[in-house]
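Okay, here's what each chain looks like letter by letter:
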Amino acid sequence: MGDAFERLQTLMGDTMQILDHMIVDEKHQALLSSIKDGLQEQYRQAEQVSYLRGNERLNSTLAITQNLNQINQNVHQLEQNLLADYKVSTDDNIEAYEQFAYENQLEQEEAYHDKIDYLSAVKIRKNINRMNGILLSINP
Amino acid sequence: MAFVITSPCIGEKAADCVDVCPVDCIAEGEDQFFIDPDICIDCGACEAVCPVQAIYYEEDVPPEELKYLQKAIEFYKTYEGETN
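So the sequences go chain by chain: A and B.
Position 114 of the first sequence, counted from 1, bears residue number 114 in the working numbering, the numbering being contiguous throughout.
Position 25 of the second sequence, counted from 1, bears residue number 25 in the working numbering, the numbering being contiguous throughout.
There's no promise every hint is true.
Said to hold, decoys possible - Simulated pairs of lysine-lysine, BS3-like, Cα-Cα distance not exceeding 25 angstroms:
# : chain 1 : residue 1 : chain 2 : residue 2
1 : B       : K77       : A       : K126
2 : B       : K13       : B       : K67
3 : B       : K77       : B       : K13
4 : A       : K87       : A       : K126
5 : A       : K27       : A       : K126
6 : B       : K71       : A       : K126
Said to hold, decoys possible - Here are some, though not all, of the chain B residues that point toward chain A, as calculated from beta-carbon distances under 8 angstroms:
#  : residue
7  : D19
8  : P22
9  : D38
10 : I39
11 : D42
12 : A48
13 : V49
Since the hints were made in silico from the structure, they are not lab data.
Source: prediction; values computed, not measured.
We treat Cβ as the ideally placed atom computed from N, Cα and C, and that holds for glycine.
Could you build the full structure based on these sequences and the hints that come with them?
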């Protein structure tokens with residue numbers, strides 16, 4: 001059980017590292033900040049829950065699951081927004097852009113930046129789903 | 001899914017991958033570099049710049065190199081501190 005909480009916190013910390021590397025346009029900043037703040041709070045909650053037992057633990061892990069689901073709705077929204085940006089910066093042809101060699105992708109600075117932010121959001125959403133899987137293993 | 005660094009990195013450790021990773025998910029081990037699969041966003045920049053073609057997408061790792069996937073997982077079980 002201790003391993004599960006340790007794994008959960010490691011995954012939360014790793015996901016925060018991805019968030020810390022994202023530099024989004026001003027129009028997405030509020031959403032990104034709310035995701036960061038939310039995940040940081042769940043990290044703190046997870047640390048406290050590891051010391052609880054019985055119903056207290058059950059209720060607290062359920063609360064974290066609900067909060068993570070809420071955060072993931074925001075991540076999904078951010079992901080959609082960043083995908084829209086990425087489409088614009090590649091003239092609605094992401095597939096063709098990604099066929100370019102790495103050096104050529106880099107030359108199109110805005111498109112490359114949008115690609116990295118979009119892929120970051122995708123990874124964050126997947127990691128939160130994995131966090132919920134870990135919580136489910138704690139409270140099946 | 002993530003990218004994986006395999007045997008050609010051993011003894012080479014060129015570190016070009018570290019410089020281009022946009023999320024700083026590559027750490028130096030004793031004999032090779034390792035990609036943190038929890039942080040890797042699958043952008044492929046590391047694969048493109050590796051001078052010894054040591055990096056593969058997880059699904060494309062040659063069978064004889066698959067042990068390096070497990071090696072990376074084991075490395076990050078004990079690795080402390082931010083990956084960079």
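- prompt: Hint by hint, which ones does the structure fall short of?
  reply: Going through the list in order, the structure violates hint 7 alone and respects the others.
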